[in-house]
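**Student:** Residue numbers (my numbering), protein chains in the order written: chain Z, 237 to 461; chain F, 2 to 247; chain C, 450 to 708.
Derived by calculation from the structure, the hints in this document are not laboratory data. Misleading hints may appear alongside valid ones.
[Unchecked claim] From the structure, some residues in chain F lie toward chain C, with a derived Cβ separation under 7 Å: (1) 57; (2) 68; (3) 99; (4) 100; (5) 111; (6) 197; (7) 198; (8) 201; (9) 204; (10) 205; (11) 206; (12) 208.
[To be verified] Residues of chain Z clear of chain F, computed beta-carbon distances all greater than 12 Å: (13) 245; (14) 249; (15) 344; (16) 378.
Keep in mind the model is a prediction, meaning the values are calculated, not measured. Glycine included, every Cβ here is placed at the ideal spot set by N, Cα and C.
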Amino acid sequence: MYKVVVPGDFISEAVSRAGEGTYVEDGKVYAMRYGIVDERGEIKVIALSGKYVPTEGDVVIGRVAEISFPFWIVDIASPYEARLHMSEFTDARGEKIEFGSMNRYLDLDDLIMAKVMNVDVMMRIELALKEDFNLRSGGRLIEIPHTKVPRVIGRSGSMIKMLKDKCNCFIFIAKNGRIWVRGREDDMNLATEAILKIARESHTSGLTDRVADFLDSFKREKGRR
Amino acid sequence: MKEGKGEIELIKEGKRLDGRGFEELRPIKIEVGVLKRADGSCYFELGGNKVIAAVYGPREMHPRHAQDAKMAVVRYRYNMAPFSVDDRKRPGPDRRSVEISKVSREALDPVVMREYYPKTSIDVYVEVLQSDAGTRTAGINAASVALADAGIPMKDLVSSVAVGKIDGEVVLDLDAMEDNNGEADMPVAMVARTNTITLLQMDGRFEKEEFERGLKLAMSACHKIYELQRAALIDRYSESVGEGEE
Amino acid sequence: MGLEIVNEVRKDYVHDLIGSGKRVDGRGFREYREISVERDVIKRAEGSARVKIGNTDVLVGVKLDPGAPFSDAPDKGVIITNAELVPLASPEFESGPPGENSVQLARVVDRGIRGSEAIDLEKLCIEEGEKVWIVFIDIHILDNDGNLVDAAALGAIASLLNIRIPNERYGLTGESTLPMRDTPVAVTAVEIDGNILVDPNFNEENAAASRLTVISNADGTLSGMQKSGSGGLKEEEIAEVVEMGIEKAGEIREKYLFS
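Please put together the full structure from these sequences, using the hints given.
**Tutor:** Shown next as structure tokens:
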């Protein structure tokens with residue numbers, strides 16, 4: 237069963253194992269977030285809510301919010317916006333792209349898949365494009381709180397594998413809570429519902445089994461029709 | 002307007018007009034996550050007070066020059082709805098609400114770990130929907146729960162209540178009738194785990210000994226309120242599994 | 450920006466000194482800076498006082514005008530307290546509508562006078578429900594070197610004592626002097642690293658996480674209190690400030706109000 241804690245709750249005296257979502261005071265470990273305690277290995281409090289703050293190496297889905305030469309300013313569902321430098325592209329002759337033509341490569345509202353290359357102390361965030369970065373067509377974007385991402389992936393990828401198999405979709409889950417789903421219309425609908433269900437019930441146990449039941453019963457109904 | 006002493010009898014046969022004992026709180030009701038768009042929210046009822054708190058953020062702060070490069074800036078807006086009091090309140094901030102917003106923000110500052118979100122703002126909006134004395138304390142209780150609900154890193158929750166003096170007696174949690182006709186009113190906020198006082202105001206007239214007794218009374222009531230705040234947060238995620246399916 | 454850096458440096462300095470039991474200006478923890486109160490400095494005001502506490506310099510003026518009473522107190526005079534932190538007093542002050550600090554300052558001073566019932570408002574009724582005396586207390590900060598509250602509160606009560614009501618100007622008869630019943634005095638202290646320091650100067654205010662003002666009356670009762678700042682206080686610390694507040698208020702009252 238999951239143990240829910242609120243900020244200030246005493247968790248343990250094992251100060252050396254204090255991890256994410258906790259703080260130490262007078263030789264004791266306390267919760268600093270409203271969340272669920274995970275004491276396997278480090279003592280962590282997995283937040284139930286909160287904003288995404290990028291760290292280097294994260295793969296995120298961003299949306300171009302502004303073009304400000306020589307950068308694209310990218311919204312990454314965080315209090316901090318990220319920047320993508322124009323040198324990520326070259327023109328047909330392999331030369332630098334020109335001032336004023338940036339929007340031909342990436343325009344406002346375009347969705348991209350990118351990797352967080354650097355986060356400095358002033359919280360300036362540099363991105364680099366992933367291969368197949370452009371999420372322009374044929375798919376659907378789902379946004380869930382980033383705190384629920386681990387549940388959608390599941391222990392060693394079990395949940396996501398099941399979703400992909402049973403829904404027949406390409407599914408990419410980014411660290412910032414944005415999920416890209418591509419497939420046939422009704423398959424995408426099913427995947428969307430399943431993902432939202434996971435996000436809603438992320439704090440409960442036995443979730444994988446229930447999601448499996450949900451997907452199976454849906455398919456049986458469809459078979460009957 | 003604390004000059005009504007003696008005009009209205011506030012204590013009869015050792016009980017207050019609403020039947021409470023001197024050290025008794027009004028009924029409290031707390032609901033977490035009541036607003037969909039806010040990052041965190043809480044509805045808090047204390048007797049006839051109905052307040053709702055919403056937290057937005059951490060989010061990009063505007064205006065930019067108000068940003069703090071080292072930590073998040075907490076902004077707190079206490080606002081009374083025009084219909085929340087007998088005589089309609091003119092909408093918008095007045096001097097009272099400006100002061101209450103300031104001291105309420107300062108009551109929460111010691112627990113919010115602002116260093117985790119430099120350059121952002123954490124905006125706390127408290128709306129008083131119905132007022133029956135003690136709105137600022139109800140607002141702080143709601144705001145503290147809403148901050149936790151928003152996933153803001155915090156060292157503790159903050160709990161708040163007022164004490165006062167009516168008909169010469171030190172009593173807990175004045176209602177509007179008592180506040181308007183009483184001799185003193187003292188709102189207090191506290192971190193229950195460490196017994197640290199984060200808000201203290203006093204209005205009216207207290208003997209030193211009465212003040213000391215009042216403070217102790219408020220502190221012990223804050224412990225009770227803290228337990229209710231904590232329970233409201235815990236219960237939200239303790240519903241049995243499966244029923245929630247739509 | 451430059452100013453902030455200087456403040457950061459001084460903050461450390463304040464903390465370091467206090468660690469060895471000293472204050473930046475060499476005072477004891479329970480010692481006020483030098484206080485001066487000069488009364489009736491403004492001819493056009495019915496009452497006025499200029500109060501200096503160290504370098505902090507505050508001018509308070511009181512004006513009386515006939516006006517309408519509040520509907521819930523038709524037979525009582527009205528007190529309106531206002532504070533202006535004018536830009537001349539400090540690089541931190543900006544022009545524009547009153548910010549939260551000036552609002553708080555005015556309200557705390559007001560609370561002390563109201564809570565103590567220092568002014569007998571019932572004697573300020575001219576015609577019930579129609580006309581009463583309105584007492585305007587205006588606080589003007591001239592130089593901010595910390596502890597504005599104590600200076601402003603002292604200026605306010607010093608101005609209020611010995612006010613002649615301007616009956617002639619309005620063709621009225623009645624009470625000739627402002628009826629005063631008490632003398633509330635504010636005493637403010639800050640907490641820095643577990644130490645309580647009375648009468649903080651500007652640098653000490655900046656270094657402190659919390660500040661507590663205690664307003665007390667001639668008979669030792671309390672008539673107002675306000676904690677401000679982003680820190681917390683322990684019950685013992687509050688008790689110490691209350692204790693000291695009553696004692697210091699007695700000394701200040703004796704020396705500057707009844708001399």
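**Student:** All the hints need checking, so say for each whether the structure fits it.
**Tutor:** Tested hints:
no.	hint	in the structure
1	57	20 Å, violated
2	68	13 Å, violated
3	99	5 Å, holds
4	100	5 Å, holds
5	111	5 Å, holds
6	197	3 Å, holds
7	198	5 Å, holds
8	201	4 Å, holds
9	204	5 Å, holds
10	205	5 Å, holds
11	206	5 Å, holds
12	208	6 Å, holds
13	245	8 Å, violated
14	249	16 Å, holds
15	344	18 Å, holds
16	378	17 Å, holds
Checked against the numbered hints above, the structure breaks hints 1, 2, 13 and satisfies the rest.
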